[in-house]
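The numbering of the sequence shown is our numbering, which starts it at 1 and goes up by one.
It is worth saying that the hints were derived from the structure and are not from the lab.
Some hints here could point you the wrong way.
Quick list of in silico lysine-lysine cross-link-like pairs, DSS-like style, CA-CA up to 30 Å [as the list claims (entries may be wrong)]:
1) K51 with K138
2) K56 with K32
3) K32 with K247
4) K51 with K32
5) K51 with K247
6) K138 with K32
7) K138 with K247
8) K32 with K85
9) K51 with K85
Simulated restraints, written as ranges between beta carbons of each label pair [unchecked claim]:
10) I187 with R132: 20 to 30 Å
11) I4 with I184: 43 to 53 Å
12) N182 with W251: 40 to 50 Å
13) R105 with H185: 25 to 35 Å
14) E275 with D115: 34 to 44 Å
15) A53 with F23: 14 to 24 Å
16) H144 with F23: 37 to 47 Å
17) A168 with L50: 21 to 31 Å
18) Q121 with N182: 24 to 34 Å
We treat Cβ as the ideally placed atom computed from N, Cα and C, and that holds for glycine.
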Amino acid sequence: MLDIEQMLAPISEQAPCGDDIAFSPEVDAISKARQADDPTLEQGAWVTSLKEADWKFVASRCAQLIEQRSKDLRLAVWLAEAEAKTSSFRGLGDSLMLASALCERYWDNLHPMPDEGTCEQRIGNLCWIAARLPQLVKEIPVAHLPDVSYCAEAIAQLERIVDDRLGADGPGFSAARSAIENVIHAIGPPVAESSDTPLAMTPMAHESQVGQGPLQTRAHAIAQLRQVADYFRRTEPHSPVAYLADKAAAWGEQPLHVWLRGVIKDDSAFAHIEELLGLQGN
């Protein structure tokens, strides 16, 4: 269990967020520990042992460095991934609460620091964890409802703080919220069976009604895209529709300049488009 308050204590009075250690041997070691071989890839004639990620090392080192060396958002989101792998929903919730508190208390000096007035690296870190959370949540074994509810609260807290700090430039967390809500519904108290229960009140009937009626909000539209992807993943796993719908939903939660950076690899072309659209400085 993470000691959040201890990890949030200033590194020093002179430098509360410590040093930028992005290119240090310690962070490089964590990056290597996160790497793992893909077991689905063909190995050919030379079969070797697959490398597995050392999530316990990642979790312990990220926590230690955040507490003692550097208040760093990238370390915080890596910690969240590792805690999800090693400490279930409680650990994931703790690490997301930590990330929220770092953004709330230390935003002005939090690493990585803004570059030329932009927070692109921080936005990238937050977009990464927002996109990673749905899969992490799905991979965690079924747990006690209070731990899952705590994790849901942590996701909501992070979303509030990110919205406050970044506004429209911040990522959306609707897919993460949807994933955790599905877990809560799956392990929550069962609905009492009764022949008098109207069909419209059953979970199955509710699910069938979700897609009906006009779209009311942007979040609603993105959630519908996720449902389309889930449907085709179940019924037509060979179809590209699931992949494309997931892509569209993920793009819908990204700020424009982050999306452009992901699809336009030529720096001069990217700069030209930024100029045309008036995105310089975002």
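Which numbered hints fail
Of the numbered hints, 11, 12, 14 and 17 do not hold.
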